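K.L.:
Each chain, letter by letter, is given below.
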Amino acid sequence: MPAGRSRGLPANSPPAPGARVYRRKRRSWAGLIYVLPAVLLVLVFFVLPLCMTGWMSLHNWPLLGESRWIGLGNYIALWKDRGFWRALSFTAYYTVAATVGLLGVGMALALFVERPRPGVGFYRTAFFLPVVVGFASASLLWAWLANVDSGLFSPLMRMLGITESPYNLLATFTPAFWLVTGMVIWKMSGFYMVILMSGLQSVPTDFHEAARIDGATRTQRFLHITLPLIRKPIALALILSVTGSMLAFDQFYIILAGGPQNQTMTAVYWIFNQSFVSFRLGYGAALSVVLLAILLVLSVIQLRLLRDREDGR
Amino acid sequence: MTAPLTRQRPPRTRAIMLMQHAAGMLVALLFLAPLAWTVLATFKTKAESGEPPLPPWPVHGVSVENYFSIGQFGSGLSHYVGNSLFVAISTAILTILVSVLAGYGFSRFRFPMKAMLFVLILATLMVPFQSILTPLFLILAALNLQNTLTGLVLIYVTLQLPFSVFMMRNAFDAVPNEIAEAARIDGVKGLRMLVFVLGPLVLPGVVSVGLIAFLNAWNEFLAALVFLTDQDKYTLPVLMTAVRSGRFGAIDWGALQAGVTVMMIPCIVLFVALQRYYIRGLTAGAVK
Chain R
1 MPAGRSRGLP
11 ANSPPAPGAR
21 VYRRKRRSWA
31 GLIYVLPAVL
41 LVLVFFVLPL
51 CMTGWMSLHN
61 WPLLGESRWI
71 GLGNYIALWK
81 DRGFWRALSF
91 TAYYTVAATV
101 GLLGVGMALA
111 LFVERPRPGV
121 GFYRTAFFLP
131 VVVGFASASL
141 LWAWLANVDS
151 GLFSPLMRML
161 GITESPYNLL
171 ATFTPAFWLV
181 TGMVIWKMSG
191 FYMVILMSGL
201 QSVPTDFHEA
211 ARIDGATRTQ
221 RFLHITLPLI
231 RKPIALALIL
241 SVTGSMLAFD
251 QFYIILAGGP
261 QNQTMTAVYW
271 IFNQSFVSFR
281 LGYGAALSVV
291 LLAILLVLSV
301 IQLRLLRDRE
311 DGR
Chain U
1 MTAPLTRQRP
11 PRTRAIMLMQ
21 HAAGMLVALL
31 FLAPLAWTVL
41 ATFKTKAESG
51 EPPLPPWPVH
61 GVSVENYFSI
71 GQFGSGLSHY
81 VGNSLFVAIS
91 TAILTILVSV
101 LAGYGFSRFR
111 FPMKAMLFVL
121 ILATLMVPFQ
131 SILTPLFLIL
141 AALNLQNTLT
151 GLVLIYVTLQ
161 LPFSVFMMRN
171 AFDAVPNEIA
181 EAARIDGVKG
191 LRMLVFVLGP
201 LVLPGVVSVG
211 LIAFLNAWNE
221 FLAALVFLTD
231 QDKYTLPVLM
241 TAVRSGRFGA
251 IDWGALQAGV
261 TVMMIPCIVL
271 FVALQRYYIR
281 GLTAGAVK
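Going line by line, the protein sequences match chains R and U.
The first sequence begins at 1 in my numbering and counts up one residue at a time.
The second sequence begins at 1 in my numbering and counts up one residue at a time.
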């Protein structure tokens with residue numbers, strides 16, 4: 001992305017000589033006043049709650065009444081909380097399925113719309129449009145398409161001869177799970193298309209020309225030239241997809257309400273239930289700390305894996 | 001594909017191109033079909049709305065009944081559209097104000113703890129807000145903002161800050177120093193410099209920041225679900241989810257799809273009109 005690069009990070013570039021004079025004159029508290037509103041918001045609505053999460057996780061903290069220090073009691077309880085671990089392993093399962101789908105479809109779309117061709121603007125807009133629609137809207141929309149009485153999928157499946165009688169996709173785990181995953185891939189792959197496309201466009205065309213003259217096939221060129229060169233956008237897409245999927249809530253809450261039989265309860269859903277349905281705020285905080293730790297570890301691992309390979313070359 | 005001779009290419013490429021376009025159109029149709037299906041379904045009569053949507057368009061006459069029947073839920077459609085608009089517009093305006101000021105400060109001034117504060121704001125990205133919902137709930141209560149749209153706006157603005165401050169800092173960095181310097185010699189400084197000299201130059205960044213803040217606030221679901229407990233305060237996504245869960249009696253799918261359409265239209269219109277700013281914001285946020 002030639003245009004994107006110039007917009008990158010000029011943060012540490014040395015300022016022009018004139019700029020230095022300008023900035024030195026301004027060295028004062030004036031700048032602090034400009035950034036103060038942002039800093040205050042971050043302190044009150046981010047740093048403070050983050051610290052409180054840790055503090056609350058060490059307490060028995062009901063919604064009303066006194067909270068009581070119980071040390072690691074919540075963590076011991078969550079260690080034995082089978083519901084939480086089941087939710088977490090379901091979330092991991094969903095994360096793998098969604099990430100493979102999103103990156104796969106996103107890459108296919110990106111390859112299709114990367115270079116100018118007639119109608120490329122239409123294709124890009126069409127593939128991206130579901131991204132701008134909210135998760136709640138998309139979930140409600142698909143809940144309608146999938147409902148057995150007045151939805152689209154059940155009669156469609158009968159028309160295509162897949163089933164003979166009305167089929168409730170939301171009643172059993174496997175179809176329900178793939179319906180939600182399919183919805184997410186429909187809704188989000190345009191987003192990954194854009195990220196991967198900006199990577200693809202930064203690959204110099206001469207590399208491909210050279211390889212083509214040497215007789216490399218299209219697949220060979222993709223595997224050995226394109227992929228290594230766009231490792232960074234892939235890493236970014238991977239981390240965004242894994243983090244986003246591990247935090248999934250809206251679609252499982254709206255379409256399935258965690259069902260059938262609580263089998264699609266995600267980690268955030270479980271925390272939501274503990275905190276805001278059962279009002280065990282301290283316990284919810286402990287669950288949050290664990291989820292947060294897992295996410296940080298996952299991100300570090302992904303960054304490591306992709307960086308190590310880079311060093312190995 | 002490996003044909004090195006140009007004279008061999010035209011007929012073959014044309015066939016391949018046609019096939020690619022056929023495939024492309026098919027996939028584009030798959031992406032657009034659910035959206036179109038919903039919008040078309042909302043114009044069916046009440047009786048027809050309960051039937052499977054085949055064909056997708058109204059057969060027994062066009063009707064807007066469904067849009068009237070969303071009005072029967074709770075305090076009426078316009079009330080909830082008002083809530084959602086208030087939240088989304090306030091979030092966009094506040095995000096612009098706060099992030100333009102901060103971007104200006106971080107780009108054009110030197111002050112104590114500057115680097116640390118910048119990192120602090122960006123660090124917000126590392127921690128998903130889903131993990132700090134519980135204490136946020138208590139903080140809003142302590143500020144007497146529980147169950148208010150204002151409290152929700154403040155949280156949305158904070159969530160937008162890392163991306164927006166980063167974007168605006170870069171926008172100010174990209175303005176050549178000579179311009180600011182020339183204005184300063186003319187005696188322009190401080191806020192006037194920001195509004196009249198630099199402001200117009202960073203306008204594209206402002207549009208991106210405001211657009212993305214608006215759309216995120218308009219669409220956000222989990223925080224709105226947790227922090228708004230009064231049915232009167234609901235934003236559209238929370239209201240329509242209550243409809244889907246059957247809180248207002250048997251699910252009226254036609255009305256539900258009308259609600260979904262009302263939620264989707266602003267997103268689609270804004271995106272199509274301001275696509276350039278949206279994608280720029282997205283890639284700028286992604287490059288970090």
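No lab work stands behind these hints: they were computed from the structure.
Note that this is a predicted model, so its numbers are computed, not measured.
One or more of the hints may lead you astray.
As the list claims (entries may be wrong) - Using C-beta positions, here's what the derived DEER-type ranges look like:
1) L223(R) with K189(U): 42 to 50 Å
2) P116(R) with A273(U): 30 to 38 Å
3) P116(R) with L26(U): 15 to 23 Å
4) L203(U) with A108(R): 33 to 41 Å
5) Q220(R) with A273(U): 38 to 46 Å
6) L303(R) with V195(U): 37 to 45 Å
7) S299(R) with A182(U): 42 to 50 Å
8) A36(U) with W55(R): 37 to 45 Å
9) L26(U) with F173(R): 23 to 31 Å
10) A293(R) with F68(U): 49 to 57 Å
Claimed, not checked - No farther apart than 25 Å at their CA atoms in a straight line, the calculated lysine to any residue pairs in the SDA-like style are these:
11) K114(U) with V47(R)
12) K232(R) with R192(U)
13) K114(U) with K232(R)
14) K114(U) with L43(R)
15) K114(U) with S28(R)
16) K46(U) with L152(R)
17) K114(U) with W29(R)
18) K114(U) with R192(U)
19) K46(U) with R192(U)
20) K232(R) with Q201(R)
21) K46(U) with S150(R)
22) K114(U) with R231(R)
23) K114(U) with L48(R)
To be verified - Computed footprint of chain U on chain R; a stretch qualifies when at least three of its residues, placed anywhere within it, have a C-beta under 8 Å from a C-beta of chain U:
24) 74–84
25) 117–126
26) 150–160
27) 185–199
28) 266–273
29) 277–288
Glycine is no exception: its CB is placed at the ideal position from the N, C-alpha and C atoms.
K.L.:
Which constraints among the numbered hints does this structure fail? Numbers only, ascending.
P.N.:
1, 2, 8, 12, 13, 19, 22, 24
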